[in-house]
Amino acid sequence: MQPSVDAEVIRAEHLDVGYRDKTVWQDADFGVRRGEFVAVIGPNGAGKTTLFRMLLGLQRPFRGDLRVFGTPPTRGNRKIGYVPQRHTIDHETHVESDKLVRLGFSGTRWGPGFSLRAEKEAAADALAAAGATDLGRKCVGAMSGGELQRVFLAEALVGNPELLLLDEPLANLDIRRSRELVQTINGLVRARKVTTLLVAHDINPLIQCLDKVIYIANGKVATGAPSTVLTSESLTALYGVPVEVLRDSRNNIVIVGGEEGHGDEHE
Amino acid sequence: MSSGIPPFSWNLVTDLRDMWQYNFMRNAFEAATIIAIVAGIIGYFVVLRRSAFATHALGHVGFSGAAGAVLFGVNPVYGLLLFTMSAGTGMSLLGTRATNRDVEIGTVLAFALGVGLLFLSLYTGYATEAYSILFGEVLGISDSSVLFTLEASLVVLAVLVLVYRPLLFASLDEDVADAKGLPMRFLSLTFMLLLAVAISIAVQVIGVLLIFAMMVTPAAIAVRLTKRPMTAVVVSVGVALFASWAGLFIAWYEPYPVSFFIVTIAFCIYVAVRAAQALSARLFHRVVRPLGSGGPIPRDSLQAGASRPIPRPSDPVPTETEPAG
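So the sequences go chain by chain: A and B.
Its first residue numbered 1, the first sequence is counted upward by one per residue in the numbering used here.
Its first residue numbered 1001, the second sequence is counted upward by one per residue in the numbering used here.
The set of hints was computed from the structure by calculation and includes no laboratory data.
Hints may be right or wrong, so weigh each one.
[To be verified] As a list, the in silico DMTMM-like pairs of lysine to aspartate or glutamate whose alpha-carbon atoms are at most 20 Å apart:
hint : chain 1 : residue 1 : chain 2 : residue 2
1    : A       : Lys99     : B       : Asp1018
2    : A       : Lys99     : A       : Asp21
3    : A       : Lys79     : A       : Asp125
4    : A       : Lys79     : B       : Asp1175
5    : A       : Lys22     : A       : Asp65
6    : A       : Lys138    : A       : Glu162
7    : A       : Lys220    : A       : Glu233
8    : A       : Lys99     : B       : Asp1015
9    : A       : Lys193    : A       : Asp125
10   : A       : Lys79     : A       : Glu36
11   : A       : Lys79     : B       : Glu1104
12   : A       : Lys138    : A       : Glu119
Turn these sequences into a full structure, and let the hints steer you where they fit.
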């Protein structure tokens, strides 16, 4: 291994993962270094969220070695901030966003009595960092998708994590909101050196900011700089069927052919 | 009970003093107060966790427990506790949230009611026992029952103080709370046991069939009036207290059941709040929906189908050819 191993936040070697008896992807090797902004890309059901569950210690790999901050992942790692795809928060959730962010700070503490001021300050800082200061008094049930994602980002940031795992924060945002949110996240990555993994369907809003891509498809994982992974040759090898990567005049990427090869995009 | 008592006066303090000369009335007010506090707080979590049906079901399961206790000559509250706590444990084993378990819970609920019916038919005493379990008998609460209610409530409140924040976090944002290492199964079990105890004592006042009025309606009103959890808990307790006190007060002068008045008052507040909010939404044409006016969440907001990209006209990428997964 390289001498940069100390700065490695994530290291996976010969990793096989899956649910029950079904392997989702196998023999994956990848590493993420401190301060990198990484996109996790791939078709539905390819195992992107599974990767996050692995890193969070919610699920164990079948085989291989996975290290986060140099140790096997354990649930409840305070160095990790997590934005899942929410299922439990909807328009019936009548709670103001400031309270949700505060729970990100203090929600794991039992019993009465601790500094409310520390909680308040941490929440205000996190909301500011996520560009959501003006959303603190708003009810999460009444928010737009873009506003919610900023609040969730603040909730994840509130404990000053060193690693951010963002699961589909751009899903259902229009292209302008996507780019704005990516700008905010990129600012955090650069200013705070927060290593960030972001699961996305569309790589285009991200491509300017990325250091690395983890591409999961067809039971395999390819990783590297966007310019090396997102090529016709590399994705053809990954999918095992001909895939073409096209670029338009504005350098937007279109990937043609891969989805048919995988086949479960529209399930 | 309109014979031989002083008539209603607009001096409410004098009225209450008149009522409280009677021991059964003092007991009724004491028990209703304790239960309103516990039910109001637990009810907030019921609403937050969308466990209203589980609450309803636990009440019914409690019915067969109470009927069984009556059959064996034991205080019904012990039967209630045994059955609701067992059923609560079972429900928490079904999943960290009892949200999408309607069919399983309903199946157990029907079975429990059937067993309760059998117990009642085996019991050769008076049908009034069944009546008081089903609809509550707040005017017949003994001194020892009040004491037991107080003790059980203090245990519930003490546990709530210990688990309040983690339980709130786990109820509101399950996925993050789980990733942060909170013991989700333990919290779920704890909540169901607290709920079971709260229901068991509340049945004395309101009965199993009307448990919603104490355990759910006040909290449902509260979340429409405030978006702060602590304030919502206070409002919920306030509504439960008001409904039960006003119910007892009115029943003192009118020859109708207390439970009816409590349920009706809670219902009227609920309807009034919803109507006022619907009206204000219509009057002011607010772009941002007011709390709880219902209506569909914006298309670009969180949705179950979040995993499928929505075609965007502004996107320079041709939407036919899927961009990168």
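Hint by hint, here is what the structure shows:
As the CA atoms of A/Lys99 and B/Asp1018 are separated by approximately 45 Å, the hinted pair breaks the 20 Å bound. Of the supplied pair hints, the one linking A/Lys99 and A/Asp21 is violated, its CA atoms being roughly 40 Å apart against a limit of 20 Å. The straight-line distance between the Cα atoms of A/Lys79 and A/Asp125 is roughly 17 Å, inside the 20 Å bound, and the hint therefore holds. Restraint check for A/Lys79 and B/Asp1175: the C-alpha separation of about 17 Å stays at or below 20 Å, so the hint holds.
In summary, the hint linking A/Lys22 to A/Asp65 is supported, as the alpha carbons are separated by about 19 Å, within the 20 Å threshold. A threshold of 20 Å between alpha carbons decides the hint, and for A/Lys138 with A/Glu162 the separation of about 28 Å lies outside it, so the pair is violated. For the proposed pair A/Lys220 and A/Glu233, the alpha carbon gap of about 15 Å is at most 20 Å, so the pair holds. Taking the CA atoms of A/Lys99 and B/Asp1015, the gap is about 42 Å. The hint is violated against a cut of 20 Å.
A distance of roughly 16 Å separates the Cα atoms of A/Lys193 and A/Asp125; the hinted pair therefore holds under the 20 Å criterion. With a C-alpha separation of about 15 Å, the suggested pair A/Lys79 and A/Glu36 falls inside the 20 Å cut-off, and the hint holds. A hinted pair counts as satisfied when its Cα atoms are at most 20 Å apart, and A/Lys79 with B/Glu1104 does not qualify at roughly 39 Å. Pair hint A/Lys138 plus A/Glu119 holds up; C-alpha atoms about 18 Å apart against a cutoff of 20 Å.
Violated hints for the displayed structure, listed by number in ascending order: 1, 2, 6, 8, 11.
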